[in-house]
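Asks: Position chain A relative to chain U; hints supplied.
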Amino acid sequence: MVLLAALPMAGAAAEGSAASPPDGYPRSYARIIEAAQKEGSLSVYATTDGSEVAALIREFEAAYPGVRVEYADQNSTEIYSRFIAEVAAGQGTADLVWSSAMDLQVKLINDGYAQAYASPEKPNLPEWAVWKNEGYGITAEPLVIAYNKRLMPPEDVPRTRADLETLLRTKKDFYRGKVASYDPERSGVGFLFISQDVQISRDTWKLVEAMAGTDPRLYTSTGAMMERLVSGEHLLVYNLIGSYALQRQKKDPSLGIIFPADFTLTMSRIAFIPTEARHPNAAKLFLDFMLSKRGQSLLAQRDMAPVRTDLGEIGVPRPPAEQVRPIRVGPQLLANLDQLTRLRFLKQWKRIVRGL
Amino acid sequence: MNRSMRIGVVLTSAVAILAPLLLVVWQSFLDGPFFARNVHPTLGAYQFVYEDPDFYRALGNSVLVAAGMACIAVPVGALLAFLLVRTDLPGRRWVEPLLLTPMFISSIVLAFGFVVAFGPVGIVSLWVKGWLGRLPWDIYSRSSLILIAGLTHAPHVFLYAATALRSLGSDVEEAARSTGAGPLRVALTVSLPMIRPALMYSAVLVFFLGFELFGLPLVLADPKGELVLATYLYKLTNVLGIPSYQLMAVVVMVIVAIALPLVWLQNRLLQGANRYVSIKGKAQASRPISLGMWRWPAVAFIALWLLMVVVAPVCALVLRAFLSSWGEGVNIAGALTLEHFRELAHYPNLVRGITNTLVLAAVGGAASVVVYTLINLAVHRWHSRWARVIDYLVLLPRAMPGIVAGLAIFWVFLFVPPLQPFRQTLLAMWVAYTLVWMAYGMRLVSGSLLQLGPELEEAGRVVGASPARVSLDVTLPLIRAGLVGSWLLVFVTFVREYSTGVYLLGPGTEVIGSLLVSLWAAGAVDTVVALSAINIAMVAGGLLLITLFGRKAHHG
Chain U
1 MVLLAALPMA GAAAEGSAAS PPDGYPRSYA RIIEAAQKEG SLSVYATTDG SEVAALIREF
61 EAAYPGVRVE YADQNSTEIY SRFIAEVAAG QGTADLVWSS AMDLQVKLIN DGYAQAYASP
121 EKPNLPEWAV WKNEGYGITA EPLVIAYNKR LMPPEDVPRT RADLETLLRT KKDFYRGKVA
181 SYDPERSGVG FLFISQDVQI SRDTWKLVEA MAGTDPRLYT STGAMMERLV SGEHLLVYNL
241 IGSYALQRQK KDPSLGIIFP ADFTLTMSRI AFIPTEARHP NAAKLFLDFM LSKRGQSLLA
301 QRDMAPVRTD LGEIGVPRPP AEQVRPIRVG PQLLANLDQL TRLRFLKQWK RIVRGL
Chain A
357 MNRSMRIGVV LTSAVAILAP LLLVVWQSFL DGPFFARNVH PTLGAYQFVY EDPDFYRALG
417 NSVLVAAGMA CIAVPVGALL AFLLVRTDLP GRRWVEPLLL TPMFISSIVL AFGFVVAFGP
477 VGIVSLWVKG WLGRLPWDIY SRSSLILIAG LTHAPHVFLY AATALRSLGS DVEEAARSTG
537 AGPLRVALTV SLPMIRPALM YSAVLVFFLG FELFGLPLVL ADPKGELVLA TYLYKLTNVL
597 GIPSYQLMAV VVMVIVAIAL PLVWLQNRLL QGANRYVSIK GKAQASRPIS LGMWRWPAVA
657 FIALWLLMVV VAPVCALVLR AFLSSWGEGV NIAGALTLEH FRELAHYPNL VRGITNTLVL
717 AAVGGAASVV VYTLINLAVH RWHSRWARVI DYLVLLPRAM PGIVAGLAIF WVFLFVPPLQ
777 PFRQTLLAMW VAYTLVWMAY GMRLVSGSLL QLGPELEEAG RVVGASPARV SLDVTLPLIR
837 AGLVGSWLLV FVTFVREYST GVYLLGPGTE VIGSLLVSLW AAGAVDTVVA LSAINIAMVA
897 GGLLLITLFG RKAHHG
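Listed in order, the protein sequences are those of chains U and A. Start counting the first sequence at 1; every next residue gets the next number (our numbering). Start counting the second sequence at 357; every next residue gets the next number (our numbering).
Take these hints with a grain of salt, some might be off.
[Stated by the list, open to error] Covered stretches of chain A (in silico footprint by chain U; criterion: 3 or more residues with CB under 8 Å from a CB of chain U, positions within the stretch not fixed): (1) 682-690; (2) 757-770; (3) 866-877; (4) 880-890.
[Stated by the list, open to error] For the chain A half of the interface with chain U, some residues (derived, Cβ under 7 Å), not all of them: (5) Phe391; (6) Pro476; (7) Asp578; (8) Gly581; (9) Lys591; (10) Thr593; (11) Asn594; (12) Leu596; (13) Pro599; (14) His702; (15) Asn705; (16) Tyr859; (17) Gly862; (18) Pro863.
No lab work stands behind these hints: they were computed from the structure. Just so you know, even glycine gets a beta-carbon here, dropped at the ideal spot from N, CA and C.
Okay, chain U solo, but in the shape it has when bound (with noise of 0.2 Å):
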């Protein structure tokens, strides 16, 4: 009986515990806790796997008893459509969302869907990851050049893109049909990435030239790229998500990845909290906890590359500082979807691409 009755207490402790601030957070962080604590729960709609975040997400609610985390994994459009049409019709909606799809995402921030929060990490992060203390991006993955190491010539292996724009023009019919890209018609992300390449270099459209004299495969889904680059029936990927390649490249040693050496542009999955959020407090906590140094070991060990760095070795393989060109959470990513741009952008590469 006595070890009965002592139980509830032995709770109460855990959760009196928690309440207190994490180490270099002020004081009335406490006031966000404890109202968070009411709130019970916070909905996260997001674009990364479950699976993914699952270990995350138990530590989460580990320190913050109390406080679970119903998490909803969609793709990036079903997100956006889903969070206007819920906020439409006053239904309430997420608490947090968190996509990769970096422009559509500032534009819902610049649409007025984002509340302010000034979140105590703030000072810890890169100064291109956050916007308007309103959006920020939780990681830093690498854009990479991914290839098969058991079919690739390694003489052939390019370490910039002047390298794969000199080999793809030399060796035209060894690779012809063997390159593959994101389609920047279909795929709002594969458009994000080689909009960005044009931005930092204009000679990336004599790289999709070289490219195009190769009759490239351009796919929408990241999935499908690496089954078929790892199988052997393309041999380069050009512009894959680094952290889902080095990922796959931990069970399938054949996966090689490149940082390419002139620049290595990096993308983030960038997170805000809706104006109409129900549990504004609890998403708080979430969006702090992602940026802490654990959150962020925790993020890295599922090869998701932190924001931060002040974390020293993280096991990440990660391109070195100086090669890094981070794509900047902020209104010039609105540019790529002003109509009348992003239709001349396209006609440009299919022109280039398609001969049209």
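Replies: For chain A alone, kept in the frame of chain U given last:
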């Protein structure tokens, strides 16, 4: 059913069908999401689509694929049904469940199975290449797409044809046999013509499915950028950066515009359906036709079909689930692993997804059949304009590609206040599934009803039974086999459905199909194949049970 009940059922179904569709119609004439502020009426979306050369290419491809598919699926499916239902083919009881497997597997996964088996570095392909020195086929060509789509849709035709054949007396066939006709001749001139309504229904539906085809072209035509209407929608979603509902709505309008004249044509063709009545007042057990020397060609035909459509892709897929890598230059034996299955343990939604899928398919499927039967009974032997309206209505939801239908139904649940509490429940998912697959279920049930002679029901009425009594005591028991068949069809359809549910999906309402799609997009192919392998095993178990029960019922 009496007249007011009939009208009530027709009106209720009309509202349920039209609400999402009208939203889409409305959306097609606006310049932004219908729920946004500052949207204006415009024809801009129509103009955009009609000026887009890709649209015409996609439309042309869709017509070609749909027609080609129907041309392959109908004869193959009909022949399979004849062989399995009407003849003494050896092992036919065991073949039937195998035959249905392509329907159980999500088409994205099945298409992927084809790539692993017959793709450029596929398991079968490498073997053939070793023999011939080159690969005689290209799985990514349009003709491969048509062939694969046609062959994998043969089971749909099979189910319709088999249901119709089962309720056919064998007296006419025996008469033909006694005058010396061979089994093939009996099939072509007697049995199959007798089930012409069922075949025509399935032909039209397969043709529609061709327009809605998504998974196969996504996987098989994706790399070469060949679009069909449903994958063209994908492009529209993205071409302006943000989802452009008005453009998607225009594509739906195009499909509806193609659908309506087809339904009209179908109705014209079926006006003589009375000629096919075959369950009459006299009970008669049917006897199988002896195949004689046609036995082995028939076995070879089925074996070849099974090998191509079921065994090769399914085995390739299951094998892939146990491989860390495959393809050119890989030693399969050295790549075997159980790792992918271990990883599934990291997937917290999995168990819920499996349970939800089973509940939705089994319980929801049965409830859907009840709905379909109710609507069918409401218009059964009712020569009224109301009844004809339903013919057109039920096909309309099918004219919307699953993803659009799902979005429209999501909007209805979101913006119609009385429905709001149900939005994030399996009930909403069930409504969506029931609506989207209404054409299927309706046709299957009506296929059985069409073969029922009116005199049995008249007999009921003569002895003074009310219309409801007649339905319950006469009509329903007589089409019981057909109803069980439709439930099976609806069950399999719901198990593999993936696109309809994506917007209604939430924590607690996950279904396997939608999980597979999101995993596939995120590159987790290993998890996809492991999950599919488990799914296939579950399905195989279910099929085995059905077969055993079927046999028990047969002998009991």
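Asks: Against chain U, with CB atoms and a cut of 7 Å, does the hint on asparagine 705/A hold up?
Replies: holds, 5 Å
Asks: Tell me if the interface restraint on leucine 596/A is satisfied: Cβ within less than 7 Å of some Cβ in chain U.
Replies: Since the shortest Cβ distance to chain U is 6 Å, the answer is holds.
Asks: With 7 Å as the cut and Cβ atoms as the points, is glycine 862/A at the interface with chain U?
Replies: This hint holds: glycine 862/A lies near chain U, its Cβ roughly 6 Å from the closest one there, short of 7 Å.
Asks: Let me know if the C-beta of tyrosine 859/A comes in closer than 7 Å to any C-beta of chain U, holds or violated.
Replies: holds, 6 Å
Asks: Given proline 863/A as an interface hint, is its Cβ closer than 7 Å to any Cβ of chain U?
Replies: holds, 4 Å
Asks: Answer holds if the nearest beta-carbon of chain U is closer than 7 Å to that of phenylalanine 391/A; otherwise answer violated.
Replies: holds, 4 Å
Asks: So is the region 682-690 of chain A in contact with chain U by the C-beta rule, three or more residues under 8 Å, or is the coverage claim wrong?
Replies: Holds, because 5 residues of the region 682-690 of chain A bring their Cβ atoms closer than 8 Å to Cβ atoms of chain U.
Asks: Is the shortest C-beta separation between proline 599/A and chain U less than 7 Å?
Replies: holds, 5 Å
Asks: With chain U as the partner, please determine if glycine 581/A meets the hint condition of a C-beta pair closer than 7 Å.
Replies: Constraint on glycine 581/A satisfied, holds at 6 Å.
Asks: How about asparagine 594/A: closest beta carbon in chain U under 7 Å, or not?
Replies: Holds: closest Cβ of chain U sits about 5 Å from asparagine 594/A, inside 7 Å.
Asks: Apply the coverage criterion to the region 866-877 of chain A and chain U: a residue qualifies when its Cβ sits closer than 8 Å to a Cβ of the chain, and three qualifying residues are needed.
Replies: holds (count 5)
Asks: Are lysine 591/A and chain U close enough, Cβ to Cβ, to be under 7 Å, as the hint says?
Replies: holds, 5 Å
In the structure shown, no violation is registered for any of the earlier numbered hints.
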